[in-house]
Each structure stands twice: as C-alpha cells, then as structure tokens.
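Undergrad: Combine the two chains into a complex, taking the hints into account.
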Amino acid sequence: MADNILEELAAILNEVADVKPEDVTPEKSFVDDLDVDSLSMVEVAMAVEEKFGAKIPDEQLSELKTVGDAVTYIQQHQSA
Amino acid sequence: MADSFEDVVVTGLGATTPLGGDVDSFWTGLLEGRSGVVALTDDWAADLPVRIAARMAVDPAEVLARVQARRLDRSEQGAIVAARQAWADAGFEGRAEDNGLDPTRVAVVIGTGIGGVTSLLSQYDILLEKGPGRVSPLLIPMNMPNGPAAYVGLEVGAQAGVHTTVSACASGAEAVAHGLDLIQLGRADVVLVGGTEACIHRLNIAGFAQMRAMSTRNDEPERASRPFDKNRDGFVLGEGAGVLVIERASSAAARGRTPYAVLAGAGITADSYDIVAPDPKGDGQQRAALSALRRGGLDAADVVHVNAHATSTPAGDGAEARWIAELLGEQTVVSATKSMTGHLLGAAGAIEAIATVLAVKNDIVPPTINLDDPEDDLQVDVPDKAREMPVPAALNDSFGFGGHNVALLFRKA
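Chains A and B are the protein sequences, given in the same order. Per our numbering, the very first residue in the first sequence carries number 1; after that it's consecutive. Per our numbering, the very first residue in the second sequence carries number 1; after that it's consecutive.
Everything labelled a hint here was simulated from the structure, so no lab data went into it. Keep in mind the model is a prediction, meaning the values are calculated, not measured. Hints are supplied without guarantee of correctness; some may be wrong.
Derived pair list, reagent style DSS-like, types lysine-lysine, alpha-carbon separation capped at 30 Å [said to hold, decoys possible]:
id	chain 1	residue 1	chain 2	residue 2
1	B	Lys361	B	Lys385
2	B	Lys130	A	Lys65
3	A	Lys51	B	Lys130
Isolated chain B, as found in the complex (with noise of 0.2 Å):
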C-alpha cells in the first residue's frame, strides 16, 4: 500500500499555544521544558475546584484586526492566526488563485472538541439578561464547530472542501489524518489541517472536574501537569491552536520547498470500550499505531520516538506506555509535551504532530517535566531534558473521550 502513492510531505507550520503564539516560541518553550500553565485568578474561578490552566501565550484578539476579531469565536481567533502562519510558512500569499493553485484543490481540515462555546456561554447571559433581540446576530457562526475550518477557508480561498473533524481530544490528529485521505484519494492538492480550542470557562471547568479528570494542584500550576508520574492528578485545561500545509512531494519539489518531514501514515480506531475510560489494555491505541506504520511501509524498529498523548489522568497515561514498549521496544525515547502545554483537548493533536515533525526533522526529542516519581512499570525512555539524537521516524498519538484513537507517522523527508 504504502508503494501505490506518493509521498505527502509537511510544508508550513503554525501555532498559538500556551508556550508562545508563534511555532518558533512553542518549539523553544518545549525543548526549555518550560510550562505554559498559570493560575487562574479571575473572580469566577475562585469557587472552582480546580483554579489553574494553560492560556495562550499570546491573545490572538490582539493579534487580528478589531473588527474581525469581535465577529470570532476564541477558538477561530486561534485557527486563523495559527492557519496564516502556516500558510505563510508553506510560502503562500494572499489566496489560492494568487499562488497559482487551483481553489478548488484546495481543502480545509480543522478539528475541536467543543466549538464556540464560550460564545455560546456569553450569548445565553445576554438572552436571560437582555432578551432575545440583543443576542447577537454572529452567534451561530461563532458557535458553529466547523467554524473554525470554515473562516480559514475563507481566508486562503479553499473550494475542494472544507471539513471539520470532531473526537474530543483526537480532534486535531483526526483532521490531520484525514488531509492525508484527501491528498491520497486524489480529492485535494494542498491542504491546512489542524485542530484549535478555547473552552477556559466555569462550566468547562466545572464539567471536568465533576468527572474527576483534571489536576486540583492549584498552589502549583506548572508542576500540575506530570504525565507518567505517581502523584499525576489529572490533567490541566489548555487554549490554542495549530495548523500543518500538507501537499504531494512532487508539488512541493515543483514549487521549490523543502519539507519539513514526510506524513508517512496514520491510523484511527475505536475502541467501543466506555465513553470516557481509556481500555486499560490499550489494544485500540495500539492498533491506530500498527495501522499507521503498515500504511505508512515501515517497520516497528524504524520509529525510536512518541510523542504520547499522556495527559496526566491517572486513568491514562500507564495503558500508552505499556503497548508502545511492547510494540517499538523499551528503548523508545517519548515525550510527553503536555506536561509543558496542558491539555489543548482538539488542538492538542495539532500542535503535537507539530512538535512530532519538528522532532524529525531537528533531530531533538522534547522533555517532559514533572516526571519526579515515574511509575513503577514505565518501561520507556522518558528524558527529562531535550535530547538529541537522530530521528529517522516517530509516532504522534492522540486518543479522545468516545475511545477514539489516533496514531500519525512522520518520517524524514
């Protein structure tokens, strides 16, 4: 399979993260082991168990003209800024046509988890406080999920199709995978994928805490997020996004770009296990990895890094490590960036494949912090500072509430 196409390769890259608002700043705050999570001291938190998160570094409000940014949701805000960059970076200007490219090969494929639901949230205040004829006539497009995808369309000019995947926090990996269906089933020519949240509100919070999923180490917000650690408490809520250009070598090559790696394969299953607890086994994880490297040609040897969706649940986290030892060895070096990030729920995958690929092509695998009392049965390599060391190929997993699974293969262009 993986000889009947041709190679898709990653172009440009762009992201806004709690780490910093461009890929240059997020690149740099992982390998410093920096963490992006603050507390969280606005009057509607305080009665909140959980009191800390990830925000991005930079307001992508500020970054946008007013007057589009006021006509945005939070999380489309994020994937316009994260999408121009990429697009600038893939070396695209202004729209398709003004590239040369056909509009309509041009395809959109930008995950989230939740949408607009802050808009949403603000909008319902106004209904009870003001009445149905100030709620602003915006709403249902800042609310709407395939919003995000659909202004970033908007923007670059893409008419081959423009689609939102939604599967919790496999959102972005999910988007990511299925631009490589695109490219490979011959219905698209370049395409933005990635995936952007922004869901800090009291009810999110709320909603997850009740569900005893996030950390409640509010006297110390950047040591709360410890993926693989016995003291792990549950995960921190992050903001961000990211987007990748993706497009067949040869177009890549013709336009004169060199890649930042290759987008060897992906693989997505399910694992029809519970609603939100991950298989314990970890069979359906495993197999979106297997599926990956069969569809990407190579072999289990070939990838010496993970980057892990480890997001510091203790129902998570251990069930990864177990089946990515016995299937690509002990000696496989993984990072688990969301001990510096938080946990971007649907942009998560994004700006993973973008440190996945960053990885490859630097040769530098990422640390993960926190890690002060690994637990007794991790039988990986988790470096607690940036390591280098060359890397052929690596693995992004991303897994989401519902049993979604998602495994993308990078390798060296």
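The shape of chain A in the complex, shown without the other chains (with noise of 0.2 Å):
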C-alpha cells in the first residue's frame, strides 16, 4: 500500500515539480533535497486531494516535511 502511495507521490512530483521518480524516497524533504517550492506544494496537495481524496488542510501541508510524512498523511487520510 505504501509503495503504491510513494509510486503516485512521484508521479505527481514528475509532473507538477520535475523530479526525478527514482529521488522520491521516504527520507528525503520536499524544500531541502527535491527543490519543490511553495507554489508547487500546494499543486502537489491539490493532486494529492484528486488522487487519493485526502484533504490536506494548510496547517497540515506545512508540517508534510518528507516524503516520508505525506505517505504517512495519504494512508491515514485517504478514503478508501
């Protein structure tokens, strides 16, 4: 279930921010290690909230550091 998660994840990091799939590991940060901006994480969050159907709220998206936390956020978040 994770990986499947983590294989979207990069797929909407492609598309939104250029990233390479093969960088999107749980460890990595958003802003330090992926260059992702603040524009593009709120693009990401919008394609999370289609993808999955897990909303994330402004405060939320903030604390979404790693990878790591948005998997985490997406599986206790996401409707089934």
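TA: So this is what it looks like as structure tokens:
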C-alpha cells in the first residue's frame, strides 16, 4: 500500500516539479532535497486530494516536511 | 541632444512568430511574402464571426522544458523563447554575472497588450466547474502582465529593473523606447526589450469582432490582412514575441560584437482624440516620428523606409500613409508586414522593430502582400516584392488603442 502511494506521489512530483521518480524516497525533504517550492507544494496537495481523496489543510501541509511524512498522511486520510 | 549621448546599438535579436519560430525563419518568411494566417478549425471558434488567426508557427511549449512550460502562460512562454534567442545572439550565455556583467546594470522591458488572459479564462472555467480549491496556485504569476518581463529577468539575472509597458498595440515599441531611456539616463548597461502576446481565445476574438475591428474574410485566411488595400476589412489577430538586446556602442565594441544597427531615437506621443479610433489627421503619429528624428539627430530626408503600423483596418492605414508622404516624401518605401504576420498586438512593435533593424542591416525592404487595389490617395511607395535598396535609416511606427503613438528610429551602425 505504502509503495503504491510512494509511486503515485513520485508521479505527481514529476508532473508538477520535474522531480526524478527515483529521487522520491521517504527520507527526502520536499524543500531541501527535492527543490519543490511553496506554490508547487500547493499543486502537489491538490493532486493528492484528487488522486487519493485525502484533503491536506494548509496547517498540515507545512508539517509535511518529507516524502515519508506525506505517505503516512495519505495512508491515514485517504478515502477507501 | 543627439550629440550628448553615446550611440545605443542593437546586438541581439530573438523572435517567435506566425512565420517561424526564430529570427531567420521570420525574416525569410517576410522576404518571401508568406502569410502566417490560418483558419481556426477548433470547435470553440465555430460560432464566431471571425475564424482566422495567425498562430505562432512553433508552439513555445514544445521548445521549453515541460515543467517550465506548464508553469507559464503562453505569452510568458513566447517571451522566454524570444529572450533566450536574443540573449544568445548577443553573445551571452547563462546569467548576467556569468558573462562578466554586473546584474544590477542589466534590465528588462517587455510589453504586452493583454497579458496572461488565456490562463485567467481557463482557470475561471475551473473555478466554475470545480470550485476555488482547484484553481492553480500559479494563476496569478501566469496572469500578471508583468509576468513575461519578470520571468525573462529571472532567466538572465537582471537586477537593474524589470518593467512592463502596457499601451495596447504600441506596447512592444514603447518597451524599446523605454529601454533606450534606461541606457541614456545611465540606469542600465544592457537591456532586453520587446513585447509578447498570446490571446487567441474565443472571448478576445468576440470582443474585437464586436468592435468590427477584425477581418471576416474567413474563406481566404492568407488574403485577409491587406493593409492599404481598398478592400481591407479589419485586422487579423496574431500571436508571438520579439526581444532585442540593446547596449551602448562602446560596450558592444569592448565585447567584440558587431551591432545590427543603431537605435538612434524614439518618440512617444498621445492623441487625446478617442479611446480607440486613431486621429484621422495623424497629428500625434507624425509628432512621434518627428520626435524620434529630432532625438536621433536625423533629417526627414535621411529616412528612406518605414515599417508602418498599418493593421488593415478601414479606420487606420490611410492617415498613416498620408503623414508619411507629407513628412518624409512620396518616394518613401513603406512596408506593412502585418499583411503577413497578422497583428501581434503588444508584440507587434517588437517583431516589427526586428524587421526594421534587419532592413537597415541587410539593405532589403520586406514586401506588403495582398495590396491588389491600393487606396486612391496612397502616395507612398509600397512594394509587393522584397526590394534591395540602400537603407541608411528607417522608422518603425506603432500605435495603440488608447491613442498611443510610438516611433522608433534605426540607422546603420
């Protein structure tokens, strides 16, 4: 399940911010490692909501520092 | 006044136009007398009274990296494509500081008539269909009219200032004029100047068509734009971008660059006559030309060629030809290149400045196509084929809704 989410997240990051899929691993920081800016993070959140039905409120979005944080959040909040 | 300033020269050109995706294909297309106007076969155009336009020959989204393209409005994409070409053509690579330039002495002035309107409208559709939470966080930088100049500034690292001129169809020319000011006032050493437009959209066409400003010659796209012709019935909407790199002659020489031409002068006036109709006497237009001549220290007799604004509207064209004949003489060789490119609105002045620069450099004047039945009182020389002739100096006119008049003066380097 988590692998599947990671793969989908990698596809979103590639589409939105040109991040190489192989670079998307749980320990990576969106800002420091993957160079995803704040506007792109909003796009990522929109795509996650569309894909997984997991809405990410703004105060949560800023807490999701790493890819692993995001995967965990999606696991907990996705609609079946 | 002309003696008090060092020459400002053009050292780089870049363009993406309905005739081609770079300056060479654009210039070759002009000399061949090709039309870039095509039929709009999209479903969204089916019920419009106007179903023709001059699209960019090369989609700028295909030239840029995919993720960069999706973050930019089409008008910004065009500006980046043209600016990259001009920057490289001037001998620069990478950012200002990589070329020994002081970034705080590099500026950008890029005009647009309408800005990122197609992004605005497509996001409005999303707002209505899916709600505010689905509107792109990139909408605002895509829509803002200063976006093209700002993105070009980011690309080259320009820190002297990034400016946007907005004067409808004179925007691109006004940007060139403003760039000349920046250098002559000592505020910048190198300036990227130009214009961009990409607004071929159902709403814009409907709006211009309601003004009865556009040609409805839908069955003959290539023959629709016909400046100075008796049977002209309006302009044809075009899209694209043009950028020029300008700098002081000594700076170009120090870099070992041979300039294309000298940007000898610029004149800007306002009609204060009507919000959209040009003053039929053309006084404001003529004052702009005179101002450019005076600033460039040239006499009317020195100017043998004019790249006219001439958009193919019944209301325009005539007045311009009349004051050109009066001011410069009936022997003046005039080109209406919009007969081939359509009307690029805020980019028109920029690509036509490039055409004028190349006419001066190459001693060839581009033709005007579709001039089958010239107006009775057309008293200037408008060749239907490219003409080789000495072009020591030339003017480029641009006028815009709002009563804006801009004349740019180029002479041989």
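Undergrad: Run the distance test for Lys130(B) versus Lys65(A): straight-line Cα separation, threshold 30 Å.
TA: Holds, because 28 Å separates the two Cα atoms, which is no more than 30 Å.
Undergrad: Can you confirm whether the C-alpha distance between Lys361(B) and Lys385(B) stays at or below 30 Å?
TA: holds, 18 Å
Undergrad: Under the criterion that the straight-line Cα-Cα distance not exceed 30 Å, is the pair Lys51(A), Lys130(B) satisfied?
TA: holds, 15 Å
Going down the numbered hints, you'll see the structure goes against none, and every one checks out.
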